[in-house]
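Trainee: Chains as they are written, first to last, in the working numbering: chain S, 1 to 112; chain R, 1 to 113.
Keep in mind that the hints were calculated from the coordinates and are not lab data. Not one of these hints is a red herring.
The calculated BS3-like cross-link candidates involving lysine-lysine, where the alpha carbons are at most 30 Å apart (straight line), are:
#, chain 1, residue 1, chain 2, residue 2
1, S, LYS68, R, LYS42
2, R, LYS42, R, LYS78
3, S, LYS24, R, LYS42
Only a predicted model underlies this, so the values are computations on that prediction, with no experimental measurement involved.
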Amino acid sequence: DAGVIQSPRHEVTEMGQEVTLRCKPISGHDYLFWYRQTMMRGLELLIYFNNNVPIDDSGMPEDRFSAKMPNASFSTLKIQPSEPRDSAVYFCASSWVNYGYTFGSGTRLTVV
Amino acid sequence: ILNVEQSPQSLHVQEGDSTNFTCSFPSSNFYALHWYRWETAKSPEALFVMTLNGDEKKKGRISATLNTKEGYSYLYIKGSQPEDSATYLCASPRGSTLGRLYFGRGTQLTVWP
Numbered sequence: 001d002a003g004v005i006q007s008p009r010h011e012v013t014e015m016g017q018e019v020t021l022r023c024k025p026i027s028g029h030d031y032l033f034w035y036r037q038t039m040m041r042g043l044e045l046l047i048y049f050n051n052n053v054p055i056d057d058s059g060m061p062e063d064r065f066s067a068k069m070p071n072a073s074f075s076t077l078k079i080q081p082s083e084p085r086d087s088a089v090y091f092c093a094s095s096w097v098n099y100g101y102t103f104g105s106g107t108r109l110t111v112v
Numbered sequence: 001i002l003n004v005e006q007s008p009q010s011l012h013v014q015e016g017d018s019t020n021f022t023c024s025f026p027s028s029n030f031y032a033l034h035w036y037r038w039e040t041a042k043s044p045e046a047l048f049v050m051t052l053n054g055d056e057k058k059k060g061r062i063s064a065t066l067n068t069k070e071g072y073s074y075l076y077i078k079g080s081q082p083e084d085s086a087t088y089l090c091a092s093p094r095g096s097t098l099g100r101l102y103f104g105r106g107t108q109l110t111v112w113p
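Extracted from the complex, chain R is given alone in its bound form:
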């Protein structure tokens, strides 16, 4: 895989459901994987920065895992709430340009009450 890719593109769940989505990234020369949450009409907000294979991060009902050898990360939301509705972006630096992140297109999550 050459770019950061996310799936699915969009997801609709009922309040209370747990959900997860995927970020795939180039596994060679891995340095870090970032997750962002982007609510409509707001700016993206950093959730996690993950660097180690097997890393797991948690923030409230949201957690993320990282597999650097196979080049994927999962974001999980337990007991989704309407306020979790947002676009979730993942990003990774590439090559020698460690300061610049390459973003996926995002997964747009809608949680229905």
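Isolated chain S, as found in the complex:
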């Protein structure tokens, strides 16, 4: 298995633009998580899905952020409109219950 695959690896965009981050979890994993890494807050959970259903989105900063999981092999995190304070590394992770998470390589987002 190629692991959790995230794209793009790096994204530079202008303030106000829409940004879409993508994640392909490990086949068979029934949990998918979106995290954001910032200097201030460390690893911050944004949202997670179980069997493609969003379970907890209380970590999503505001309405500009949305996430979907249309099927078991794909998820997106969208920011519209993007702002400079959204600049961070965004990680996707997948797992089975009570097994360790497998994290993707992350997407480094820079909003200028």
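For chain S, the structure is supplied; the task is to place chain R on it using the hints.
Mentor: The following block gives chain R in isolation, referenced to the frame of chain S:
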């Protein structure tokens, strides 16, 4: 204790020193304790998953112990090397949401050559 907590926040050791750090977690309704290693500019990588009181896990020079009754786990690194420099995270599920892990803030280890 209500949350997963780690100490110290950071640690600097010389190459060859052995070191250890602590993860504290709620001992009630314990299910599992996870350790991750997170190198700079990389993604967190699972080290251990521990479920039984008294459990001990080992991977090379790194080992971990678990005390579920008092709610703590120790991570030990024997003969630290510069490549051990990383942030070490611990995490535990809470309550009925077994699929979701609650992470500590991590211990940042720097090993000087």
